[in-house]
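In case you want the letters, here they are:
8 protein chains.
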Amino acid sequence: MGKVKLDEIDHQILDMLIDNTRTPFTDIAKKLLISAGTVHVRVKKMEEAGIIKGSSLTLDYVKLGYAFIAYVGIFLEKTHQTKFVLERLNQIPNVTIAHITTGKFNIFCKIRAKDTTHAKNIIFKIDDIDGISRTETMISLEESFNDKKRLMHTIFNEL
Amino acid sequence: MGKVKLDEIDHQILDMLIDNTRTPFTDIAKKLLISAGTVHVRVKKMEEAGIIKGSSLTLDYVKLGYAFIAYVGIFLEKTHQTKFVLERLNQIPNVTIAHITTGKFNIFCKIRAKDTTHAKNIIFKIDDIDGISRTETMISLEESFNDKKRLMHTIFNEL
Amino acid sequence: MGKVKLDEIDHQILDMLIDNTRTPFTDIAKKLLISAGTVHVRVKKMEEAGIIKGSSLTLDYVKLGYAFIAYVGIFLEKTHQTKFVLERLNQIPNVTIAHITTGKFNIFCKIRAKDTTHAKNIIFKIDDIDGISRTETMISLEESFNDKKRLMHTIFNEL
Amino acid sequence: MGKVKLDEIDHQILDMLIDNTRTPFTDIAKKLLISAGTVHVRVKKMEEAGIIKGSSLTLDYVKLGYAFIAYVGIFLEKTHQTKFVLERLNQIPNVTIAHITTGKFNIFCKIRAKDTTHAKNIIFKIDDIDGISRTETMISLEESFNDKKRLMHTIFNEL
Amino acid sequence: MGKVKLDEIDHQILDMLIDNTRTPFTDIAKKLLISAGTVHVRVKKMEEAGIIKGSSLTLDYVKLGYAFIAYVGIFLEKTHQTKFVLERLNQIPNVTIAHITTGKFNIFCKIRAKDTTHAKNIIFKIDDIDGISRTETMISLEESFNDKKRLMHTIFNEL
Amino acid sequence: MGKVKLDEIDHQILDMLIDNTRTPFTDIAKKLLISAGTVHVRVKKMEEAGIIKGSSLTLDYVKLGYAFIAYVGIFLEKTHQTKFVLERLNQIPNVTIAHITTGKFNIFCKIRAKDTTHAKNIIFKIDDIDGISRTETMISLEESFNDKKRLMHTIFNEL
Amino acid sequence: MGKVKLDEIDHQILDMLIDNTRTPFTDIAKKLLISAGTVHVRVKKMEEAGIIKGSSLTLDYVKLGYAFIAYVGIFLEKTHQTKFVLERLNQIPNVTIAHITTGKFNIFCKIRAKDTTHAKNIIFKIDDIDGISRTETMISLEESFNDKKRLMHTIFNEL
Amino acid sequence: MGKVKLDEIDHQILDMLIDNTRTPFTDIAKKLLISAGTVHVRVKKMEEAGIIKGSSLTLDYVKLGYAFIAYVGIFLEKTHQTKFVLERLNQIPNVTIAHITTGKFNIFCKIRAKDTTHAKNIIFKIDDIDGISRTETMISLEESFNDKKRLMHTIFNEL
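Chains as they are written, first to last, in the UniProt record's numbering: chain A, 1 to 159; chain B, 1 to 159; chain C, 1 to 159; chain D, 1 to 159; chain E, 1 to 159; chain F, 1 to 159; chain G, 1 to 159; chain H, 1 to 159.
Hints in this document: simulated from the structure, not taken from any laboratory.
None of the values given here were measured: they were computed from a predicted structure.
Heads up, some of the hints might be wrong.
[What the hints assert, rightly or not] Derived DSSO-like pairs: lysine-lysine, alpha-carbon spacing no greater than 27 Å straight-line:
hint, chain 1, residue 1, chain 2, residue 2
1, C, Lys78, A, Lys120
2, G, Lys120, G, Lys78
3, F, Lys120, C, Lys63
4, H, Lys148, H, Lys44
5, H, Lys53, H, Lys30
6, E, Lys120, H, Lys63
7, A, Lys104, H, Lys104
8, D, Lys125, A, Lys114
9, B, Lys5, B, Lys148
10, C, Lys148, D, Lys63
11, E, Lys5, E, Lys31
12, E, Lys104, A, Lys78
[To be verified] Pairwise CB distance ranges, derived in the manner of DEER restraints:
hint, chain 1, residue 1, chain 2, residue 2, range
13, A, His80, G, Asp27, 53 to 63 Å
14, H, Phe84, A, Gly131, 43 to 53 Å
15, D, Lys78, C, Phe84, 37 to 47 Å
16, A, His80, E, Asn90, 33 to 43 Å
17, B, Asn157, D, Gln91, 40 to 50 Å
18, D, Asp60, A, Lys83, 41 to 51 Å
19, H, Leu33, A, Glu47, 49 to 59 Å
20, A, His80, B, Asn157, 29 to 39 Å
21, A, Glu87, H, Phe84, 45 to 55 Å
22, A, Asp128, B, Gly50, 28 to 38 Å
Every residue gets a Cβ at the ideal spot worked out from N, C-alpha and C, and that includes glycine.
Sequences are here, hints too, so could you generate the full structure?
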């Protein structure tokens, strides 16, 4: 499919943006001894290549009252319903991640809720999607870390 | 612990930054009919309150050569090793998320790797951490979606 | 929902009633150096607030010929039948506790029976409720303790 | 072991006390057309026979801030540690019920906690008891009913 | 239901017959210093009371070409089919024992076959019974012992 | 190993003895139109060949007060302890059958006990055997049939 | 069914062909001090007896771009569909081995694919076969060895 | 690692050899309208590139008295013993395939044996390898097909 070739400069730009997406391009330019225009061009190129898909805030869910995390394993009645069920799951905003998986579950997803009762309602909503025969829920007692920055830095150092 | 009170203006600011963290404050100000300085003050306040913990890029891992995702369930020899094991896991950058969980696993984590062989090496690294007695791995055949923006918008509309 | 505020006096009253619900209010009054009327008012207030929901005897089931305890995990055909199934379970007096649960079961309940044959009949009655697809039973070989008083005392000391 | 013989009068006394342990003996006497002294004698007899082991309040745990219920299955390293482990469990007031069970667990117990974090601490305390090799936790999303009165009435009608 | 009372003489008669059902009554009589008629009367009494249900040979299945033993756990579609399914199982002579069980299976049975292929055919016959949704098979690698005589002697010594 | 060859006469003798081991040889002889001496010789031959290993009574365990049946799956610490553990199991008369099995258990055995408490004690005795790491118990709610005669008749008709 | 009798010469011929099916018969003849014609006759005889069913190349799947191996356990809706489902599986070339099994699965098969996405498509194709209710997949992280030659040599040395 | 480039001629050569490794090169040459020397050169090239690793006979194990197939899942005490255990497994010729796997097992292997008793001995040998804590065995009732030729043809048609 033609992997995009990134050079050393691209990596250093990504390395800085990963830690703070709002870093002004002039700051990046100064550090890398290139022009701000070059930074702009490079970032644009990576966006167009689809490597940078966007940016987002990291919020504190606990402070926002969403302290409850669970993983829900889904058994489908028939696998050809997978696509349909994923679309329905995508309409429930509390389902933040969904995977097609091997092992005993057909689909495996992550939910965030306010508390036990709220989680029950979300799980019931999932259970009621057509094509889902059963679900199993594993509750997180603590999200010990959730940090993709370490991985990103590793990738760019490694490339 | 004192939940921070956010008003309607805060929500609208967050709502815009979630979709694009680089949205200039002047654009936000124009839309909300407030001054850019107010936007700045509000964002600063939310950062100091710990609600905004930072920002990050959303990258396309597949394009970066990291197409392989797995969830690893960890059985500990003794639960009092939980903290120690989590620290060791945190030193493996391919472990992007880790939870303390109920159910059959003590710790449940997510890894990203290049391919099967790379995953094997990461899992072996995890297995070799002192205090871990066994692991079980569930491989993702497809990350169908991974999107917390829908949830964030819901939270702010709801507050 | 407005948690009721209990003061030190309330706690001491509850502390005494927990151990023996028939303790005369005059005895309580004497111990706490308050009037029996005050005890009466306080208890009434806690009843109205719904904190005290009632009182009950602790009987020896073994002596009454009900020595057999089992936990029954229930798999539903569809989760939206949960409420209906719980109502049916509630009509079987041998089902003393029922929970909506996470994990592999949809509903988890406790039954008391006379012996193996009696238990079989109760389980069959449960299995025949519409909407239940399967049950799994775990038999208690001994109820080693069943005592909520220790917890109640802890709660009141802690408040 | 000599089951105590209860007659019709005993059953009717128990039937009334089950619903409200504070029902005055004079009220019971009036209803059953016997003397209050007889009621007193009968209750005393049943207490001495160990049929009535005590009485307790039914409190609303949710209103007291204890909304979180979980069942914990315990695997022991060796079964001869059962008695020792049960004694340690009995020292944790949040463990309200404990059974020796068949099936995959050696001991099965019920805990009540304030919330997820509190539950985590209690489970860690359990995990740290000598002789326990592993635990599995099933979280209640709702205690739909917890009512032994229906059973008690059935027993007395049946006897 | 009125347990039959057996005395010391009965026990000693049973004790001898258990080891060899063909022991002549005159031999038993001689050993116990009673008349053969008494032995006859006692055995008849125990047969009529249903304690002695019959007698049977202990054959060597391996020598008869039936070396393959398996236990089959049966999941029913609905529990009310239990009786019907047991009747069908009873028509398959290779199913020598069947239980209604707790735990994950509804019915648990033992089969004897000639070899793997024969076992497959028997299991398929079981699977095809109406009302059975699934079966799980556990194969015996060796029947290490199958001997109820030790238990019988214990029972009679204990009575 | 040289399977014994049985002819039609042998089968008919076995067929009769299976149903009642005390059938006099003269009755068998009369039915088969052979001499009682021939019956005697044939039975002796089959005993010496090890095909007939003995005979036993079929007793009613429920009437004898042994109504409780359970299957116990045993996990060993190390498989080379199998023989040792089987010898220890064989010393517990309540363990009537034991198999070396495939699947999740190393050894699978059947126990008969008086009631739940008695079963608990037997299971504890099993758990305490050196080399056993864990056991899982499945309790029989009803022994629906236990009859090897149907199989035996089939074998002889088939040979 | 009449096992074919193989003599020492046959074993030695097989022993050589197992390691290299293209070994010229003249080479074999020379080593065994027999004529090439004899080798030819012996091989023909073993082919006609069905002992030698054919020959095949051992290719390096990784070098051919097929690095992904998984085992798929299949649950059928009804066992009488086994034959039908096996025929459908046999039409998917990526399913290289299929077994009818005991234990929790009805059918157990091995698949080879290019990568995770390719495997997903194959598994979906399997899931869509009529009569299959569910599948569970176990992914191989490494095929450490796949070698039947050691066994074949053992068989011939042993015969 | 540099995948070898195969052209149409190579594919057609492989296609023919897969079905019969003994096909004379002159026959292949004639069919493809090339010289036998070219066939020789091409095959040699593919052998040197490691694509063709060898050739082997397809024997009928049932006719050779090896009718028993089982899959054995292995749990290790520690994952760093994987390599050591695989070497030991490789010394048991009845273990024909071994994988490092995800899911509940660390290693998953296939064994061929003569019958149940032989399988028991092989499994015991596996269980006794240092570092193995437990094994679970799934027995094949029938190897319905075992055929990699369909896949190979597909690969070459597809390339």
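Verification of the hints:
1. Lys78(C) - Lys120(A): 14 Å, holds
2. Lys120(G) - Lys78(G): At roughly 25 Å apart (the allowed maximum being 27 Å), Lys78(G) and Lys120(G) satisfy the hint.
3. Lys120(F) - Lys63(C): 19 Å, holds
4. Lys148(H) - Lys44(H): 22 Å, holds
5. Lys53(H) - Lys30(H): Holds. Lys53(H) to Lys30(H) sits at ~25 Å (cutoff 27 Å).
6. Lys120(E) - Lys63(H): Given pair Lys120(E), Lys63(H) holds - Cα atoms ~19 Å apart, limit 27 Å.
7. Lys104(A) - Lys104(H): Given that 27 Å is the threshold and the Cα spacing comes to 11 Å, the pair holds.
8. Lys125(D) - Lys114(A): 26 Å, holds
9. Lys5(B) - Lys148(B): Within the cut-off at roughly 22 Å; holds.
10. Lys148(C) - Lys63(D): Between Lys148(C) and Lys63(D) the Cα gap is close to 16 Å, so the pair holds against 27 Å.
11. Lys5(E) - Lys31(E): Roughly 22 Å between the alpha carbons, so the hint for Lys5(E) and Lys31(E) holds.
12. Lys104(E) - Lys78(A): Holds, at roughly 23 Å.
13. His80(A) - Asp27(G): 53 to 63 Å: 55 Å, holds
14. Phe84(H) - Gly131(A): 43 to 53 Å: Since Phe84(H) and Gly131(A) have Cβ atoms about 46 Å apart, the given range 43 to 53 Å holds.
15. Lys78(D) - Phe84(C): 37 to 47 Å: 44 Å, holds
16. His80(A) - Asn90(E): 33 to 43 Å: With a Cβ separation near 40 Å, His80(A) and Asn90(E) satisfy 33 to 43 Å, so the hint holds.
17. Asn157(B) - Gln91(D): 40 to 50 Å: 47 Å, holds
18. Asp60(D) - Lys83(A): 41 to 51 Å: 46 Å, holds
19. Leu33(H) - Glu47(A): 49 to 59 Å: 54 Å, holds
20. His80(A) - Asn157(B): 29 to 39 Å: 35 Å, holds
21. Glu87(A) - Phe84(H): 45 to 55 Å: 48 Å, holds
22. Asp128(A) - Gly50(B): 28 to 38 Å: At 36 Å between Cβs, range holds.
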